[in-house]
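**Student:** Please arrange chain B on chain A, whose structure you already have, making use of the hints.
Chains as they are written, first to last, in the working numbering: chain A, 1 to 281; chain B, 1 to 281.
Among the hints, erroneous ones may be present.
[Said to hold, decoys possible] SDA-like, lysine to any residue: derived pairs with alpha carbons at most 20 Å apart:
#1 A:K40 to A:P113
#2 A:K135 to B:M184
#3 B:K135 to A:N269
#4 B:K40 to B:T86
#5 A:K261 to A:P10
#6 A:K261 to B:M184
#7 B:K135 to B:D102
#8 A:K135 to B:Y280
#9 A:K135 to B:G273
#10 A:K261 to B:T86
#11 B:K40 to B:Q188
#12 B:K135 to A:G273
#13 B:K135 to B:E64
#14 B:K135 to A:N266
#15 A:K135 to B:E247
[To be verified] Pair by pair, the computed Cβ-Cβ distance ranges are:
#16 B:G273 to A:P183: 19 to 27 Å
#17 A:S257 to B:R131: 27 to 35 Å
#18 B:R34 to A:G171: 50 to 58 Å
#19 B:P113 to A:F268: 36 to 44 Å
#20 B:A260 to A:S243: 33 to 41 Å
Since the hints were derived computationally from the structure, they do not count as laboratory data. Bear in mind the structure is a predicted one, so any value in this text is a computation, not a measurement. Where is the CB? At the ideal position from N, CA and C, for every residue including glycine.
There are 2 protein chains.
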Amino acid sequence: MLATFSGSRPVTVAAVQFEPIVGEHARNLAAIDRLVRAAKAGGADIVVLPELADSGYNFADAEEVAALAGTVPGGPSADALCRLATDLSVYIVSGIAERDDDRFYNGAMICGPQGFIGKYRKLHLWNNEHRFFAKGDLGLPVFDLPFGRVGIAVCYDGWFPETFRELALAGAELVCVPTNWVPMAGAQDGAEPMANILHKAAAHSNGLFIACADRIGTERGQRFVGHSLIVGPQGWPVAGPASADREEILLATFDLSSVAKTRTLNSFNHLLGDRRADVYG
Amino acid sequence: MLATFSGSRPVTVAAVQFEPIVGEHARNLAAIDRLVRAAKAGGADIVVLPELADSGYNFADAEEVAALAGTVPGGPSADALCRLATDLSVYIVSGIAERDDDRFYNGAMICGPQGFIGKYRKLHLWNNEHRFFAKGDLGLPVFDLPFGRVGIAVCYDGWFPETFRELALAGAELVCVPTNWVPMAGAQDGAEPMANILHKAAAHSNGLFIACADRIGTERGQRFVGHSLIVGPQGWPVAGPASADREEILLATFDLSSVAKTRTLNSFNHLLGDRRADVYG
Numbered sequence: 001m002l003a004t005f006s007g008s009r010p011v012t013v014a015a016v017q018f019e020p021i022v023g024e025h026a027r028n029l030a031a032i033d034r035l036v037r038a039a040k041a042g043g044a045d046i047v048v049l050p051e052l053a054d055s056g057y058n059f060a061d062a063e064e065v066a067a068l069a070g071t072v073p074g075g076p077s078a079d080a081l082c083r084l085a086t087d088l089s090v091y092i093v094s095g096i097a098e099r100d101d102d103r104f105y106n107g108a109m110i111c112g113p114q115g116f117i118g119k120y121r122k123l124h125l126w127n128n129e130h131r132f133f134a135k136g137d138l139g140l141p142v143f144d145l146p147f148g149r150v151g152i153a154v155c156y157d158g159w160f161p162e163t164f165r166e167l168a169l170a171g172a173e174l175v176c177v178p179t180n181w182v183p184m185a186g187a188q189d190g191a192e193p194m195a196n197i198l199h200k201a202a203a204h205s206n207g208l209f210i211a212c213a214d215r216i217g218t219e220r221g222q223r224f225v226g227h228s229l230i231v232g233p234q235g236w237p238v239a240g241p242a243s244a245d246r247e248e249i250l251l252a253t254f255d256l257s258s259v260a261k262t263r264t265l266n267s268f269n270h271l272l273g274d275r276r277a278d279v280y281g
Numbered sequence: 001m002l003a004t005f006s007g008s009r010p011v012t013v014a015a016v017q018f019e020p021i022v023g024e025h026a027r028n029l030a031a032i033d034r035l036v037r038a039a040k041a042g043g044a045d046i047v048v049l050p051e052l053a054d055s056g057y058n059f060a061d062a063e064e065v066a067a068l069a070g071t072v073p074g075g076p077s078a079d080a081l082c083r084l085a086t087d088l089s090v091y092i093v094s095g096i097a098e099r100d101d102d103r104f105y106n107g108a109m110i111c112g113p114q115g116f117i118g119k120y121r122k123l124h125l126w127n128n129e130h131r132f133f134a135k136g137d138l139g140l141p142v143f144d145l146p147f148g149r150v151g152i153a154v155c156y157d158g159w160f161p162e163t164f165r166e167l168a169l170a171g172a173e174l175v176c177v178p179t180n181w182v183p184m185a186g187a188q189d190g191a192e193p194m195a196n197i198l199h200k201a202a203a204h205s206n207g208l209f210i211a212c213a214d215r216i217g218t219e220r221g222q223r224f225v226g227h228s229l230i231v232g233p234q235g236w237p238v239a240g241p242a243s244a245d246r247e248e249i250l251l252a253t254f255d256l257s258s259v260a261k262t263r264t265l266n267s268f269n270h271l272l273g274d275r276r277a278d279v280y281g
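Chain A with its partners taken away, still in its complex shape:
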């Protein structure tokens, strides 16, 4: 049963850009604690953290993943995030290294004032992630929060327009994107990262708010590009893009009831209603 929303639904969203350190679990959780408290102090109702924010990204081997991953909920990272959300009465969407028996997932979880709410497992794995993680098997869930319907996508998921389309068709108004964007081949000097272009296009094509929280730093030779941003449903940034290399908290306040209005383009056109599902394969 999906919630029916009505009236104005303002929300303040934070996208937290920071540098997790691979293997330094306690240090990463301490950074998360500090940054989520700062975002809440800045007015955030919901805080988005990067992909694999608890574990770091560039694993040496499967043993390292096994040592860092925990169950969701129940594991140390998941529990710490749930406690933080409850303590602060805030919603948190975070990337997390998930263990499920003998399988591992590049996961994300959402928790709030009431504790654990739900989870997602990255559908589209990038490069060496295939060595460590199983492909996501939970589809593209959406979560009804008091201010609106929220979906989750992780990094390379955003390279697939289907991700945002499916979430929009499932009623998502805000998509939270924990990410670890890496440089793309062929990038032009001084140009914005292609990741920013992709998410502006996805927001515009679907009439979605999209909040991307990227990491920064260089980890075992892998550079990340920063440039976290929050995009409005017309495709233009409402906060950011952030810097390439500094810890930052982006904050934006908007009304999720604007999504429905944005999708109605004129008396003939609706962004989702105009799809030609009779033609698409």
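**Tutor:** Below, chain B alone, put in the same frame as chain A:
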């Protein structure tokens, strides 16, 4: 039976930006003749013209559309384009007002040295086009030319990521986009048109070359944004964007065999192969 391409396949693509005048059929065909000849002189193997290049766009009423539209092939515009392609030994993709018995389509056609090759009918109609045109009923065809496989999309089709995805899955390497882009709500001062962002994202997500030929000018109060561009398969412009308001011919030479290489991102990832069709609805 699809062609199998091998080896290097260089092609020079022209995107022609000009101002058709609504109702001035002979004048529009004369402009097309002049501009296609100039593009050919510049080395073009294939020339892309704007949406409804023969008729203009902002029709007063259905009678005006009926007076301007012709059959494809066989009508005056289609025949003129075919003759021009044959005379110059060049491929042309042009928007065209199509009549089919008592129905009208916002159409596009492709012709070449051998004459008429095929046609497309805009799938996603924008605003008042619904008053004049039937929705496209020819799917998203692809055409095998000597230098590669080519698809067609028209203007608002590009707002639907499905358009480029379907064409890429059907083997398209180059998508030609006759268009009449209008300003989008919420555009930020000085920012590039959202249309450019959408096509950069589509090219990157699908590993496609995309050649967009936009019109310029203001027609009966409707402004068009220009900014024609040709995008490479990594999502970056290889020609343009053009100006907002000047007649221009963009030219770019590239090798369509690069598309397959671009789509293979690393030893684990392929842009199309990584789709999670098991999850998408």
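**Student:** Against this structure, judge whether each hint is valid.
**Tutor:** Hint-by-hint comparison with the structure:
1. A distance of roughly 13 Å separates the Cα atoms of K40 of chain A and P113 of chain A; the hinted pair therefore holds under the 20 Å criterion.
2. About 38 Å separates the Cα atoms of K135 of chain A and M184 of chain B, which puts this hinted pair outside 20 Å; it is violated.
3. Among the hinted pairs, K135 of chain B with N269 of chain A is consistent with the structure: their alpha-carbon atoms are about 13 Å apart, no more than 20 Å.
4. Taking the CA atoms of K40 of chain B and T86 of chain B, the gap is about 12 Å. The hint holds against a cut of 20 Å.
5. The straight-line distance between the Cα atoms of K261 of chain A and P10 of chain A is roughly 15 Å, inside the 20 Å bound, and the hint therefore holds.
6. Taking the CA atoms of K261 of chain A and M184 of chain B, the gap is near 15 Å; set against the 20 Å cutoff, the hint holds.
7. Distance hint between K135 of chain B and D102 of chain B is fulfilled; the C-alpha atoms sit about 14 Å from each other, no more than 20 Å.
8. The hinted pair formed by K135 of chain A and Y280 of chain B meets the criterion: a straight-line CA distance of about 14 Å does not exceed 20 Å.
9. Pair hint K135 of chain A plus G273 of chain B holds up; C-alpha atoms about 14 Å apart against a cutoff of 20 Å.
10. Our distance criterion of 20 Å between C-alpha atoms is broken by K261 of chain A and T86 of chain B, whose separation comes to about 49 Å.
11. The suggested pairing of K40 of chain B with Q188 of chain B is violated, with an alpha-carbon distance near 37 Å, which exceeds 20 Å.
12. Distance hint between K135 of chain B and G273 of chain A is fulfilled; the C-alpha atoms sit about 14 Å from each other, no more than 20 Å.
13. For the suggested pair K135 of chain B and E64 of chain B, the alpha carbons sit about 19 Å apart, so the restraint of at most 20 Å is met.
14. Of the pairs offered as hints, the one joining K135 of chain B and N266 of chain A holds, with about 17 Å between alpha carbons and a cut-off of 20 Å not exceeded.
15. With a CA separation close to 49 Å, the supplied pair K135 of chain A and E247 of chain B exceeds the 20 Å bound.
16. Taken as a hint, the range 19 to 27 Å holds for the pair G273 of chain B and P183 of chain A, whose Cβ atoms sit roughly 22 Å apart.
17. A beta carbon spacing of about 30 Å between S257 of chain A and R131 of chain B agrees with the range 27 to 35 Å that was offered as a hint.
18. Separation of R34 of chain B from G171 of chain A is about 51 Å and conforms to the stated range, judged on CB atoms against 50 to 58 Å.
19. The supplied range of 36 to 44 Å is met by P113 of chain B and F268 of chain A, whose beta-carbon atoms lie about 39 Å from each other.
20. Separated by about 36 Å at the C-beta atoms, A260 of chain B and S243 of chain A satisfy the suggested range of 33 to 41 Å.
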